[in-house]
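Let the sequences and hints guide you as you build the complete structure.
Going by the working numbering, the sequence shown opens with residue 799, and the numbers climb by one from there.
Keep in mind that the hints were calculated from the coordinates and are not lab data.
We treat Cβ as the ideally placed atom computed from N, Cα and C, and that holds for glycine.
Possibly wrong hints are sitting among the right ones.
Unchecked claim - Here are the simulated SDA-like pairs of lysine to any residue, each with C-alpha atoms no more than 25 angstroms apart in a straight line:
hint, residue 1, residue 2
1, Lys-800, Gln-859
2, Lys-800, Gly-848
3, Lys-800, Ala-858
4, Lys-825, Ile-841
Claimed, not checked - Quick list of the computed label-pair ranges, beta carbon to beta carbon:
hint, residue 1, residue 2, range
5, Trp-808, Val-866, 23 to 29 angstroms
6, Gly-871, Gly-821, 43 to 49 angstroms
7, Ala-898, Ala-858, 44 to 50 angstroms
8, Trp-808, Arg-852, 17 to 23 angstroms
9, Gly-848, Tyr-922, 28 to 34 angstroms
10, Tyr-846, Gly-890, 20 to 26 angstroms
11, Phe-845, Asp-865, 27 to 33 angstroms
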Amino acid sequence: MKTQGTMFAWLSVFILAMAIVYGVWSKEPAGTTALFLSFALCIMIGFYLGFTARRVDAGAQDNKEADVADDAGEVGFFSPHSWQPLSLGIGGALAFLAIAVGWWLLYFSAPLILIGLWGWVFEYYRGENRTQ
799 MKTQGTMFAW
809 LSVFILAMAI
819 VYGVWSKEPA
829 GTTALFLSFA
839 LCIMIGFYLG
849 FTARRVDAGA
859 QDNKEADVAD
869 DAGEVGFFSP
879 HSWQPLSLGI
889 GGALAFLAIA
899 VGWWLLYFSA
909 PLILIGLWGW
919 VFEYYRGENR
929 TQ
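Right, dumping it as C-alpha cells:
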C-alpha cells in the first residue's frame, strides 16, 4: 500500500500543477474547479493509503524482491449472489432521472434505494446465508 500511496501523492502534485496552469491560461472556472477537486481527491486517497500502510504488514507489492506468487491467497469475501445491487442500481437511476424529469420521481426511487440498502446490510443475518 505504501507504493500506491506514493503514486497518488505524486499524481496529486501533477494535478495541482496542471490545475494552476489550466486556471491561469483558460480562465474557465468549471474545469479549474474540477481539477482542484481531483487534486483534493488524490490527496485524500494517498493519505489514506499511506496511513493504512503504516498499520498493516507490508504486502508483496512493497517488496522489490517479491515474486508474483508471494501475493497469492484469499483476497476477501465477495457475495456470490445478491439481488440488492439491482435494487440500488434501479433506485439510483431513477433518482438521477428525477433531476432531469421532475423531483416527484424521488418518491419512487427513495423506497427502492432504502430497500436495497437495508437488504444489503442485513443480507447475511437471515435466510439461507445466515451462517456465512
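Structure-based check of all given hints:
1. At roughly 9 angstroms between alpha-carbon atoms, Lys-800 and Gln-859 fall within 25 angstroms of each other, so this suggested pair holds.
2. About 5 angstroms separates the Cα atoms of Lys-800 and Gly-848, which keeps this hinted pair within 25 angstroms; it holds.
3. Distance check on the hinted pair: Lys-800 and Ala-858 sit about 11 angstroms apart at the alpha-carbon level, within 25 angstroms; holds.
4. For the hint pairing Lys-825 with Ile-841, the CA-to-CA distance comes to about 24 angstroms; that is within 25 angstroms, so the pair holds.
5. Range check, Trp-808 to Val-866: Cβ separation about 25 angstroms, and the 23 to 29 angstroms hint holds.
6. For Gly-871 and Gly-821, the Cβ-Cβ distance of about 46 angstroms falls inside the hinted range of 43 to 49 angstroms, so the restraint holds.
7. For the pair Ala-898 and Ala-858, the beta carbons lie near 47 angstroms from each other, so the given range of 44 to 50 angstroms is met.
8. At roughly 18 angstroms, the beta carbons of Trp-808 and Arg-852 sit within the given window of 17 to 23 angstroms.
9. Separated by about 32 angstroms at the C-beta atoms, Gly-848 and Tyr-922 satisfy the suggested range of 28 to 34 angstroms.
10. For the pair Tyr-846 and Gly-890, the supplied restraint of 20 to 26 angstroms holds, since their beta-carbon distance comes to about 25 angstroms.
11. With their beta carbons about 30 angstroms apart, Phe-845 and Asp-865 fall inside the hinted range of 27 to 33 angstroms.
The structure meets every hint from the earlier list without exception.
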